[in-house]
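*Asks:* Protein chains in written order, with numbering that gives the first Met the number 0: chain A, 0 to 250; chain B, 0 to 316.
No lab work stands behind these hints: they were computed from the structure.
What you are looking at is a predicted structure, and each value in this text was computed from that prediction instead of being measured.
C-beta: ideal position from N, C-alpha, C; glycine also.
Just to be clear, a hint being listed does not mean it is correct.
Here are some of the chain A residues that sit facing chain B, going by a computed Cβ distance under 10 Å [stated by the list, open to error]:
(1) P51
(2) Y53
(3) R100
(4) G102
(5) S106
(6) N108
Just some of the chain B residues that point at chain A, by a computed CB distance under 8 Å [unchecked claim]:
(7) G58
(8) T70
(9) S75
(10) Q133
(11) A136
(12) P137
(13) L139
(14) A140
(15) Q142
(16) D145
(17) L148
(18) V253
(19) R279
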Amino acid sequence: MVGALALLAAAAFAMDLASQHQAWERRLLTALPDQVVADPQLVRFAIAEARPLYARHCAACHGRDMHGNPALGAPNLSDSTWLYGSGTVYDIERTLLYGVRSGRSKSHNITDMPAFGLTGRLSDGDIRSVVQYVLQLSGDNYDPAAANEGRRVFYGNANCSDCHGMDARGDSGYGAPDLTRNVWNSGGSAEDLYRAIYFGEHRVMPGWRGVLPLEQIRALAVYVYSVSHPTPAQAANTYAQSTTTPGSAAE
Amino acid sequence: MATPDIDVRPARGRLAALLASRPQRSALLPSIGIAAGLLLAALGVFHRAPPDRSTVPAGYAALVNQKGILTSDLISQSVAELGKPFTEVTPAERARVLHEMIDEELLVQRALVLDLPETTTEVREAMTGGVNAQVAAPLLAQQPTDEQLRAYYDAHRAKYTADGSMNVRDLVLHIGGYENADQSMAQANIDATEAVYQLRSGASADYVMEHFGFNDSGRMRFGNEPDFAAKLHLGPTLYPAATRLTEGQVSDPVADTDGLHVLIMEQRRMPTIADFASARTAVYADYREDIAKAAQHENVKILRGQAQIILAPGESE
Chain A
0 MVGALALLAA AAFAMDLASQ HQAWERRLLT ALPDQVVADP QLVRFAIAEA RPLYARHCAA
60 CHGRDMHGNP ALGAPNLSDS TWLYGSGTVY DIERTLLYGV RSGRSKSHNI TDMPAFGLTG
120 RLSDGDIRSV VQYVLQLSGD NYDPAAANEG RRVFYGNANC SDCHGMDARG DSGYGAPDLT
180 RNVWNSGGSA EDLYRAIYFG EHRVMPGWRG VLPLEQIRAL AVYVYSVSHP TPAQAANTYA
240 QSTTTPGSAA E
Chain B
0 MATPDIDVRP ARGRLAALLA SRPQRSALLP SIGIAAGLLL AALGVFHRAP PDRSTVPAGY
60 AALVNQKGIL TSDLISQSVA ELGKPFTEVT PAERARVLHE MIDEELLVQR ALVLDLPETT
120 TEVREAMTGG VNAQVAAPLL AQQPTDEQLR AYYDAHRAKY TADGSMNVRD LVLHIGGYEN
180 ADQSMAQANI DATEAVYQLR SGASADYVME HFGFNDSGRM RFGNEPDFAA KLHLGPTLYP
240 AATRLTEGQV SDPVADTDGL HVLIMEQRRM PTIADFASAR TAVYADYRED IAKAAQHENV
300 KILRGQAQII LAPGESE
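Extracted from the complex, chain B is given alone in its bound form (with noise of 0.2 Å):
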C-alpha cells in the first residue's frame, strides 16, 4: 500500500517553500492587468476621444447638423456685410450675421439631399467652375516670357484675324419655280454661265434678272455685311464662294437648295490679320486661357484613370 507523501519538513519550511513557489501564480494576474492597462494607456495615447457631437468645437462659432461654421469665417462675413471693425459689431449684429450663415448652410445642405449637382445645372456649373479654377490656380501663377507669347501667336495667328465686310449681289435662278416651268436642270446651266457671260462683260444685274428669269435671293438683304454676318446669311454653299471674290467680279454658277446662285461682289474689305504687337493683350489672354484649360485637361484625365467607369452597350468609348 502506497504511503501518502507527507510533508515532514517543518512549518517555517513549508512557508518557505510555498512563497518560493506561489510567484509564479500570483504574478499572472497582476501582470494581465497591468498588460491590459497599459494597452488601455497606449490607446488613450494614441487615440483621441470622440468629438463630443453636443458642443461646438473649438474655432467654431457653430455647429449645423455637425457641420461646422468657422468663427474666422463669422468674423469676415460680419466686417463684411456690418462694414465696420469687428470690435465695433455689437452682439445682437453677430448673433444676426451667424443665423444668417447658419440659414445658408442649411440650404447648402437642404440642396445636396436633393441633389441639385444631379439636376442644376447652374449648381453643376459652379462646381466644375470651383474644381477648375483650383487646378489652374498654381499654373497661371507662372508668365510667360515675349518668346513664348510670340510662339503662341504664330501658331494661333487666325485667332488675331479682324473681320472683313461684303456686299454681295445674290441672284438665284429657281430651277422648274413658276417663272421657269419648264426649264431642266441642264438648260438652267446653260442660261447661268451664259448670265455671268453676260455680266462679267458688264451688263447690269437688272438686265440679267429681266432675261434670264434671275431673281435677288433676298439672302443679302441688308447690304454691307461683316463676314461672319455674311456667313450666316449665305450659309455654309454660298459663303465660301463669295470669300473668293475680289471687288467687282461675279462668280461661276453655285447650285444650292433654292437654284443656281451667281454672286455679284459690289464691295469687299478682306479680313487683316492683326500683328503681334497689336495683338499683344488678346494673345496674353488665350495663352493663359490655354494654360488653364490644359491643367483642366490633365485633372480631368487623373480623375478618369482613378475613376470606374463603365460604358453601356452600344456607347462608343
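Chain A with its partners taken away, still in its complex shape (with noise of 0.2 Å):
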C-alpha cells in the first residue's frame, strides 16, 4: 500500500516535471529569439536542453568544444566570428532552421568561393600573391612584394573585392568572410588559404526544420549564442544590436 502510494506521488511528481517543462518550452518559443537571452532562467533551461541535442546532431562538425573542424570547412561557433549575420540567437535560429546551402531556398545560398584554380580563372602565380595580401591584410607574415602583386589581383581579375568588399572586411549578408580578422573556417596558413582560392569553398549545412521540434532548434540557438557571449557585457552589447524587438504578431 504504502508502496503504491510511493509510486503515485513520483508519477504525479513527474507527470508535473513534464508539465512544467512545456511550460518552459512554450515561454522559450513564445518569447522573440533574442528577448530569449535577457531571461537568465530561460537561457539556463535552453542550455540543459541543447547540451545533448548539441552532442548528438552539431558536434561530428563542429567539434564538441565548439572550435569548428578546418578541414570540414566547419566554422569555429565559440567566438564572435559570424559567417552569416551578426551572432544573435535570431541569426543563429535561421541557420539552425534552413541551413546553408541546404537545397532549400530559405537557407544561406546567396554565393560561394569560387574554385579560382581549379576553373584556370587566376594562375598559380596570381594564386601565390593573393595568399601573401591575405596574410598582409590578417595582419600575418607576408611577402611584401608578392603581397603587392597579389592587391592588383584582388581587386583586379579576381575580383574577389565584389564579395569581401573594397575593404576586404566580407560581408556577413551573404557569407563572405572578413578577410582582415585572422579567423578562417577552413584554417589560415599559407598553404590552407592557397587551397581555399584554388579549389573554392562550397560548404554546406542541413537544415533542421522539420527534423528537429521548433523548441529544440530555439534551445541550441540559445545554447550556441550564450557559448559564444559568454559575460554579460558582451551579450548586452550584441543584444542592443540585435536587429528583433519584444511583442506578439500584431493581427
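Hints are included, so try docking the two chains, each in its own frame, into the full complex.
*Replies:* Here you go:
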C-alpha cells in the first residue's frame, strides 16, 4: 500500500515535472528569439535542453568544444566571428532552421567562393600573390612584393572585392568572410589559403526545420549564443545590436 | 440435525478476526484505484496533451487551416520586404507582412486542393527541382581534385569542341522531275558520276548545272554556316557526307529524298577540341552538374525501390 502510494506520488511528481517542462518550452518559443537572452532562467533551461542535442546533432562537424573543424570547413561557434548575420539568437536560429546551401531556398545560398585555380581563372602565381596579400590583410607575416602583386589581382581580374568588399571586411549578409580578422573556417596558413582560393569553398550545413522540433532548434540557438557571448557585457552589447524586438504578431 | 456454527468467541476476539480477514478484500478496490491512477499518471507523463487547435502554438505567428507561419519567417520576411531592422518595423507594417504571408499560404493550400502538382507543369518542375536540389546539395560540398577534373575532361573531350564552319555548294539532280522527265535512276547515277568527274577535273559548278541538269538545292543559301546550322539545313543524309570533305573537295553523288546531290566544299574550318587549360571552367561546371545528376539518379532509384509501381498491360518495364 505504502509502495503504491509512493509510486503514485512519484508519477504525480513526474507529471508535474513534464508539465513544467512543457511550460518552459512554451516560454522559450513564445519569446522572440533575441528576448530569450534577457531571461537568465530561460537561458539556463535552453542550455540544459540543448547540450545533449548539440552532442548528438552538431558536435560531429563543429566539435564537442564548438571550436569547429578546419578540415571540414565547419566554423568555430564559440568565438565572436559570424559568417552569416551578427551572431544574435535570431541569426543563429535562421541558420539552424534552414541551413547553408542545403537545397532549401530559404537557406543561406546567395554565393560561394569560386574555384579560381581549378577553373583556370587565376594562375598559380596569381593565387600565391593573393595569398600573400590576404596574409598581409590579416596581420600575418607576408612577402611585401608578392602581397603588392596580390593586391592588384585581388582588386583586378580576380574581383575578390566584389564579395569581400573594398575594405576586405566581408559581408555577413551573404556569407563573405572578413579577411582582416585572422579567423578562418578552413585554416589560415599560406597553404590553407592557397587551397581555399584554388579549390573554392562550397560548404554545406543541413537545415533542421522539420527534423527537430522548434523548441529544440531554439534551445540550440540560445546555447550557441551563450557559448559565443560568455560575459553579460558582451551579451548585452550584441543584444542591443539585435534586429528583433519584443512583441507578438500584430493582427 | 446439524447444529449451525455459532461463533462462541468473545466479541473482542471476533473483531480481531474480522480485522485479520478483511484487509485482503478491503485493499482490492484501493489497489485498482491506485493502478488506474498510476496508469493515468504514466499516460500523462509519456503522452502530451493533444494540441489546442484554437490557439497559435508558441513559435508561430499565425495558424492558417492548422498550418503554421513561423515567427522567424515573419521577421525575415519583414526585414527583407521593408528593408529595415525588425526593431523599426511598426505593428501596422508587421501586420501587413503577416497578412501577405497568410494570403500566400492560402494560395498554396488552394493549389494543393486544385491538385496543381498533377495538372501544372511549372508546379511539377518547381517540386522536382526542389527535391533534386536537396539531394545534390551535400555532394556539391565536395570540390573535385585536379586529377578528377582531368579524368573527366579526358572522358568527355567531345563536349569541349568548338564548332567548325562550312560553305558548301549543294547541287541536286531531280530524277524524273520537269527538267529530267525521261531520266531513269540508272541514267541519273551515270550523269551524276560524270558530273562529279567533271567537277573534280576543274569544271565549274555552273557548267555542270547547265550540262547535266543540276540545280542549286537552296539548302545552303546563307553561305558560310557554323556546323550546327549546316547540319540542320543539309539534313541527316547530306551533312555526314559534307563533314568528310576538306576545302575544295567534291563529294560522290549522294541520294536523298529529292534526288541525287553533289556537294562542293568551298570553304571549311574544322571543329577544334579545346585543350584542358582553356576548357577548365566548362569542365568544372559539367563535372559538378554530372555529380548532381548522379545523386538525383540514385535518389530516384531509392524512391523506385520503395514505391509500388504497377504498369498497365502492354506497357513495358
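*Asks:* Next item in the hint list is L148 (chain B). Is there a CB on chain A closer than 8 Å to its CB?
*Replies:* holds (6 Å)
*Asks:* Go through the hint on Q133 (chain B) and say holds or violated, using the shortest Cβ distance to chain A against 8 Å.
*Replies:* Holds, about 3 Å.
*Asks:* Quick check on Y53 (chain A) please, does its C-beta sit within 10 Å of some C-beta on chain B?
*Replies:* violated (19 Å)
*Asks:* Is the hint on S75 (chain B) kept, meaning its closest Cβ partner in chain A is under 8 Å away?
*Replies:* holds (7 Å)
*Asks:* Should the hint that R100 (chain A) touches chain B count as held when the rule is a Cβ pair under 10 Å?
*Replies:* Result: holds, 6 Å to nearest chain B Cβ.
*Asks:* Does Q142 (chain B) pass the interface hint, meaning its C-beta sits closer than 8 Å to a C-beta of chain A?
*Replies:* With a closest approach of 4 Å, the Q142 (chain B) hint holds.
*Asks:* Per the CB criterion, is D145 (chain B) less than 8 Å away from chain A?
*Replies:* holds (7 Å)
*Asks:* Using Cβ atoms only, decide whether A140 (chain B) comes closer than 8 Å to chain A, and label the hint accordingly.
*Replies:* holds (4 Å)
*Asks:* Minimum Cβ distance from P137 (chain B) to chain A below 8 Å?
*Replies:* At about 6 Å, which falls below the 8 Å cut-off, the nearest Cβ of chain A leaves the hint on P137 (chain B) intact, so it holds.
*Asks:* Restraint: N108 (chain A) near chain B, CB-CB cut 10 Å. Satisfied or not?
*Replies:* OK, holds: N108 (chain A) within 10 Å of chain B, min 9 Å.
*Asks:* Going by Cβ atoms only, is S106 (chain A) closer than 10 Å to chain B?
*Replies:* Because about 8 Å separates S106 (chain A) from the closest Cβ in chain B, which is inside the 10 Å limit, the hint holds.
*Asks:* Could you check if A136 (chain B) really has its C-beta closer than 8 Å to a C-beta on chain A?
*Replies:* Hint on A136 (chain B): holds, closest Cβ of chain A at ~4 Å, below 8 Å.
Consistency with the previously given hints fails for numbers 1, 2, 18, ordered from lowest to highest.
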